Amino acid sequence: MKKIKYLIPILGLALTVISCSNDDTGGGGDTPPTPVLANLYATSNTSSAIYSYDFTPNGIVLRPFNISSNDNEGIFYDETANELTVLSREQKVINTFQNIDQTPANGTLNLLASSDVVLDSPRDLAVKDNFYIVSDNADTDGDPNTEEGRFFVFTKDTMAFTLRNIVTVNYAVWGIQLIGNDLYTVVDKTADVAVLKNFISTYTTDVTATPDKQITIGGIMRTHGITEDGGFVILTDIGDAANESDGGFHFISGFVSKFDATPDGGTLSVSGNQVRVSGALTGLGNPVAVEYDSPSQTVFIAERANDGGKVLFFNEIGAGGNLVPNLSSPFPGASSLYFIDR
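For the sequence shown, the working numbering begins at 574 and goes up steadily by one.
Simulated from the structure, these hints should not be mistaken for lab results.
All of these numbers come straight from a predicted model, not from anything done at the bench.
We put the beta carbon where it would ideally sit given N, CA and C, even for glycine.
All clues given are correct.
Simulated crosslink set (DSS-like; lysine-lysine; CA at most 25 Å straight-line):
# : residue 1 : residue 2
1 : Lys-770   : Lys-701
2 : Lys-770   : Lys-831
3 : Lys-762   : Lys-786
4 : Lys-786   : Lys-831
5 : Lys-762   : Lys-665
6 : Lys-701   : Lys-665
7 : Lys-762   : Lys-831
8 : Lys-701   : Lys-831
9 : Lys-770   : Lys-786
Okay, the calculated beta carbon distance ranges per label pair:
#  : residue 1 : residue 2 : range
10 : Pro-717   : Asn-895   : 31 to 39 Å
11 : Pro-677   : Pro-905   : 19 to 27 Å
12 : Thr-840   : Asp-693   : 28 to 36 Å
13 : Leu-751   : Thr-840   : 21 to 29 Å
14 : Asp-785   : Pro-606   : 43 to 51 Å
15 : Ser-641   : Ser-867   : 33 to 41 Å
16 : Thr-653   : Gly-891   : 34 to 42 Å
17 : Asn-683   : Asn-895   : 42 to 50 Å
18 : Ser-826   : Val-780   : 32 to 40 Å
Based on the provided sequences and hints, a complete structural model is requested.
Pasting the structure below:
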């Protein structure tokens, strides 16, 4: 069972997230190291900052890092290798940094590997084994009246990324999530989600693909972020991108079964299928990314619009509605998240 569940009473009290020294995560001198039970990593579109929210028995401790890129979106942590992979929109590459647990607060992460400069407008990252899938929402044909998106498929060895192939689709892309071998993709500028079955093994060369199924998620205006844990899927709704108060997220239990039962081109209704969180108290305007921890029933949101950017924590959302976040942490340019327990 995941250790994070024991932190829920602390979560309600940890309304002030503090910076930490190296002793907070690894110890120094005769000070025993404070155990880290889980991490939430966050990126920014407006700076080189990477935030690590370290969940400890004493509360949530903020450990900021810096990297070489000032605009990042899409992040993944490899616990076995102790490496953090980040998509750079500024450099148009995928970067991996090493020795994350040993890097102190306000330290600069050490670059281990980079891809060639092939990306254009990366938005999200999904990883399975040594395959790294990047969603890219660049307008490739120069025609604003047509929609297209691309998925870059990289393979990674210890020190390098190799671009295996590019899969193009005829819709704008943003968030992506692997569930088993199937790639579920947000259809940007809509309320739709599409799936490409057995993605890594089916699409092995440069190709234009048609999704196996595409459905509309009822109650959403424009979706961006998607995540899955324990059979639960959370989708974010940014609403009108120019409106800083109309965002929300939808919590869907048994998502794959409900998706499969909805006909291609059909709509998954809210009633009986989904729980929506939205309203003035939520602080949700443009929630661009989401993570979820099923055992602790905690939803983590990267909110891009309000106050320049925040990371929001919602615990035990119940029937949804106009909920106040359990924790609201300012983070200018908040763009993507990755949660892992230890």
